[in-house]
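Chemist: Listed below are the residues making up each chain.
2 protein chains.
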Amino acid sequence: MTERVLIKDLAAREDGLVRVSGWVEKVRDQRYVQFVVLRDESGAVQLVNGGVLREPDPENPRSDILVPRTTTISELTHGTFITVTGELQHNERVKLGGVEIQIETIDVVAAALPDNPVADDSNIDVRLDWRFLDLRRPEQNLVFRVQTTFLHALRQVWVDRGFIEIQTPKLMASASESRAELFEVEYFEGKAFLAQSPQFFKQMAQAAGFGGIFEVGPAFRADPSFTSRHATEFTSVDAEMSWIDSHEDVMELHEELMVAGLTAVKEKHGEEIKKFFNVELEVPARPFPRIPLAEAKEIVKAEGYEVPRADADMDPEGERRISAHVKKKYGHDFVFLTDYDASIRPFYHMRHADNPQLTNSYDLIYNGTEISTGAQREHRIDVLEAQAVEKGMDPKELGFYLDFFRYGVPTHGGFGMGLNRVLMLMLKQSSIRETTYLFRGPNRLLP
Amino acid sequence: MTERVLIKDLAAREDGLVRVSGWVEKVRDQRYVQFVVLRDESGAVQLVNGGVLREPDPENPRSDILVPRTTTISELTHGTFITVTGELQHNERVKLGGVEIQIETIDVVAAALPDNPVADDSNIDVRLDWRFLDLRRPEQNLVFRVQTTFLHALRQVWVDRGFIEIQTPKLMASASESRAELFEVEYFEGKAFLAQSPQFFKQMAQAAGFGGIFEVGPAFRADPSFTSRHATEFTSVDAEMSWIDSHEDVMELHEELMVAGLTAVKEKHGEEIKKFFNVELEVPARPFPRIPLAEAKEIVKAEGYEVPRADADMDPEGERRISAHVKKKYGHDFVFLTDYDASIRPFYHMRHADNPQLTNSYDLIYNGTEISTGAQREHRIDVLEAQAVEKGMDPKELGFYLDFFRYGVPTHGGFGMGLNRVLMLMLKQSSIRETTYLFRGPNRLLP
Numbered sequence: 001m002t003e004r005v006l007i008k009d010l011a012a013r014e015d016g017l018v019r020v021s022g023w024v025e026k027v028r029d030q031r032y033v034q035f036v037v038l039r040d041e042s043g044a045v046q047l048v049n050g051g052v053l054r055e056p057d058p059e060n061p062r063s064d065i066l067v068p069r070t071t072t073i074s075e076l077t078h079g080t081f082i083t084v085t086g087e088l089q090h091n092e093r094v095k096l097g098g099v100e101i102q103i104e105t106i107d108v109v110a111a112a113l114p115d116n117p118v119a120d121d122s123n124i125d126v127r128l129d130w131r132f133l134d135l136r137r138p139e140q141n142l143v144f145r146v147q148t149t150f151l152h153a154l155r156q157v158w159v160d161r162g163f164i165e166i167q168t169p170k171l172m173a174s175a176s177e178s179r180a181e182l183f184e185v186e187y188f189e190g191k192a193f194l195a196q197s198p199q200f201f202k203q204m205a206q207a208a209g210f211g212g213i214f215e216v217g218p219a220f221r222a223d224p225s226f227t228s229r230h231a232t233e234f235t236s237v238d239a240e241m242s243w244i245d246s247h248e249d250v251m252e253l254h255e256e257l258m259v260a261g262l263t264a265v266k267e268k269h270g271e272e273i274k275k276f277f278n279v280e281l282e283v284p285a286r287p288f289p290r291i292p293l294a295e296a297k298e299i300v301k302a303e304g305y306e307v308p309r310a311d312a313d314m315d316p317e318g319e320r321r322i323s324a325h326v327k328k329k330y331g332h333d334f335v336f337l338t339d340y341d342a343s344i345r346p347f348y349h350m351r352h353a354d355n356p357q358l359t360n361s362y363d364l365i366y367n368g369t370e371i372s373t374g375a376q377r378e379h380r381i382d383v384l385e386a387q388a389v390e391k392g393m394d395p396k397e398l399g400f401y402l403d404f405f406r407y408g409v410p411t412h413g414g415f416g417m418g419l420n421r422v423l424m425l426m427l428k429q430s431s432i433r434e435t436t437y438l439f440r441g442p443n444r445l446l447p
Numbered sequence: 001m002t003e004r005v006l007i008k009d010l011a012a013r014e015d016g017l018v019r020v021s022g023w024v025e026k027v028r029d030q031r032y033v034q035f036v037v038l039r040d041e042s043g044a045v046q047l048v049n050g051g052v053l054r055e056p057d058p059e060n061p062r063s064d065i066l067v068p069r070t071t072t073i074s075e076l077t078h079g080t081f082i083t084v085t086g087e088l089q090h091n092e093r094v095k096l097g098g099v100e101i102q103i104e105t106i107d108v109v110a111a112a113l114p115d116n117p118v119a120d121d122s123n124i125d126v127r128l129d130w131r132f133l134d135l136r137r138p139e140q141n142l143v144f145r146v147q148t149t150f151l152h153a154l155r156q157v158w159v160d161r162g163f164i165e166i167q168t169p170k171l172m173a174s175a176s177e178s179r180a181e182l183f184e185v186e187y188f189e190g191k192a193f194l195a196q197s198p199q200f201f202k203q204m205a206q207a208a209g210f211g212g213i214f215e216v217g218p219a220f221r222a223d224p225s226f227t228s229r230h231a232t233e234f235t236s237v238d239a240e241m242s243w244i245d246s247h248e249d250v251m252e253l254h255e256e257l258m259v260a261g262l263t264a265v266k267e268k269h270g271e272e273i274k275k276f277f278n279v280e281l282e283v284p285a286r287p288f289p290r291i292p293l294a295e296a297k298e299i300v301k302a303e304g305y306e307v308p309r310a311d312a313d314m315d316p317e318g319e320r321r322i323s324a325h326v327k328k329k330y331g332h333d334f335v336f337l338t339d340y341d342a343s344i345r346p347f348y349h350m351r352h353a354d355n356p357q358l359t360n361s362y363d364l365i366y367n368g369t370e371i372s373t374g375a376q377r378e379h380r381i382d383v384l385e386a387q388a389v390e391k392g393m394d395p396k397e398l399g400f401y402l403d404f405f406r407y408g409v410p411t412h413g414g415f416g417m418g419l420n421r422v423l424m425l426m427l428k429q430s431s432i433r434e435t436t437y438l439f440r441g442p443n444r445l446l447p
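So the sequences go chain by chain: A and B.
According to the UniProt record's numbering, the first sequence holds residues 1 to 447 in order.
According to the UniProt record's numbering, the second sequence holds residues 1 to 447 in order.
Looking at chain A on its own, in the form it has when it is part of the complex:
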């Protein structure tokens, strides 16, 4: 049999016999001709069954082939997977890619049920119930091709820099962040917890002398909220590096990664992103703007928005406003908010040498929403322990983590970034549900 050809490669081929495989997107059954729109992972093409006979014709020697094929095509349901061989013909009048295929044979691999549980106007919950059908839409497929390209570009940067890829355990004996959002696992005769982040374990790699490390893996938060940017399970992109002077070194790595990722995505998918999402992807210039958090709050206040929070933190509306300000002033989609107040940062963030109220930390805001938190970590065991106690933590429970610092550790820092959020903001989607393969929330565990 001839080799399968991807639909995107048809236009560049010469006319002649081809084999294509995919699923039926549309059937148009006309009086003397039948059309099928076939889609595969790379695109869509029009198949044609010409010279249609509705009944066997004793005068026509091809009638016994044509009539069954006619019937088969009429009965093709939306979503049925088929393999078709036929004559590829270039034809400028065919809007769909300028080619069509005159059907010779059809092999039905798996017929779809005739009902279609998802319609174009189905709400997000129905679409998530039938995520595998929802993902057939070309714009959804594009999301995950973008994800692939983005991650591969990030990993190339890390590999070029000599970073080590680690896979940290997701089963832990205690909390890595806050006890409040912890999932508990029955672990043989005892209990385990799901990692809320690889924080402790990527710092362990620093004490182990690994230098730079990275990980892309799941993180779990028993967060009961239902916003567009929270999930109970999400993909965390993490890096950590040794021998930094401050969080500035982390921000420089972070910039380099975002530029590499967006450059690769724009190059490979820029046109499709424009077509499907009407987004003109921009590769950000370096350095990204940096604004201390306190100053950012002053800026949005001067522009009429006072952040309504009791603590020192920014809120989502404040992030949107400072992002809009930066876009207007510097034409930049990204902004690092830096030097967060110690009261709103975890105990392991290092504080300024000259002002213990402030931390060597940042949040990265992209198109109005926070995608990442980074920091220099406190590596001095006495300071670290004091900061943990100050936050009301029990150093005994942190025992294994604090041990990492007792036998020597370099200065270090890193960041964690929510992949699904990055994709949501890159492609200007309304929710991470659109940019997560299978979303998990407080009331969603299926499919």
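Source of the hints: derived by calculation from the structure; they are not laboratory data.
Some hints could be false.
Since the list gives no way to pick one copy over another, a pair counts as held whenever it fits inside one copy or between any two copies.
[What the hints assert, rightly or not] List time: in silico DMTMM-like cross-link candidates among lysine to aspartate or glutamate, alpha-carbon distance up to 25 Å:
| id | residue 1 | residue 2 |
| --- | --- | --- |
| 1 | Lys396 | Asp125 |
| 2 | Lys26 | Asp403 |
| 3 | Lys274 | Asp315 |
| 4 | Lys396 | Asp134 |
| 5 | Lys26 | Glu295 |
| 6 | Lys268 | Asp160 |
Because the structure is a prediction, the values reported are computed rather than measured.
Assemble the complex: chain A is given as a structure, and chain B must be docked to it using the hints.
Modeler: Leaving out everything else, chain B in the frame of chain A:
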């Protein structure tokens, strides 16, 4: 300040001022000279403090610098992280890399406690208790650099083939493999389970028309066993692809990946692997030998070993023997055992068209141990459902999975492979505990 130089790059530099950072591996305190062996993520180098003065000497203007430095060096504990500036000098008599550094300044970043909980002869449990110290050994560091290179090479193959990277959820509403080895999670008001494999979700990508997909992520098995090759959490390397004719297509992809991974590892780390593990890495020739399971059992029987199992399966000793046979006969480290009996395969493996007793499946054996199971999947909903019922499963519980097949699906197949096992066998290690960043077992959740 001068830029930090990685120790591996010193030999290629000209003599002159350099800055290095790492941890103290050894201090030799002699009468008139002090030596420090400093290690970083790239190698080790000798630091020298010559012209040592034990007491301030009013005649010597450098004495007040030299004496404190002398004290500092004497007090350096093993594992202390330091930054040193000094004069790089090439010196053929220095065994360690042919260079040494005359110390100018020492900055102690974090001093290590003087006790060393891990000794060279500590057993594996002590080493795992102090994994971050254990990982400082250069051979352990090498394991994870090999992992990085191996995975990057695999992903390059997938990206070049147009495969999509997915991250499937690890929180599930039901079992994906067997109910016996399932971890239960408290999920808000209800229960969730940890994914034993991404099996169902990577098949979902097939129904979604994604074509080829891959994932590298954690998998969880509540397996109470304590062998050298089992863990409760491990890194699974998974791929799945559409429009295959049989499991042969999956094996071809699998071969291509292993060859690419091993080629990259040999090229980048072959010499170090030889040095630290005394292993001469071999890039396997294609095609890998393929032996139907029944035939493999005949071969080991003819060579004197009757597999002592009630079912049709191979056992670990049988795997070792067939692997030794293949090595001897074909000089090959790999062998595909194919066509497993349906009774010992999951319900979703496709069976031979002409013999429903056998499946379109394989195990890949590497240096004597199974590293992977692959198969063509059954895509016909009626056959799939019947096979599930035959295995005593409740199709209702499989509801969401079976739905994937009701709305059309291409022929497809794939494999799952245990990354830690591959590394164990590649580097001829005795246990996956040596090739897992942080091992998890029935009685190990720490650190």
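Chemist: Confirm or reject each hint.
Modeler: Structure-based check of all given hints:
For the identical chains of this complex, Lys396 and Asp125 are inter-copy neighbours only, at 22 Å across copies versus 44 Å inside a copy, given an alpha-carbon limit of 25 Å. For a Cα distance limit of 25 Å, the shortest separation of Lys26 from Asp403 across copies, 21 Å, qualifies, whereas the shortest one inside one copy, 62 Å, does not. In this assembly of identical chains, Lys274 and Asp315 lie within 25 Å of each other by CA distance neither inside one copy nor across copies; the values are 30 Å within and 55 Å between. In the homo-oligomer, the alpha carbons of Lys396 and Asp134 lie at most 25 Å apart only across protomers (23 Å), although the nearest pairing inside one protomer, at 48 Å, exceeds that limit.
Taking the shortest Cα distances, Lys26 and Glu295 never come within 25 Å of each other, neither inside one copy (56 Å) nor across copies (48 Å). For the identical chains of this complex, Lys268 and Asp160 are neighbours both inside a copy (21 Å) and across copies (13 Å), given an alpha-carbon limit of 25 Å.
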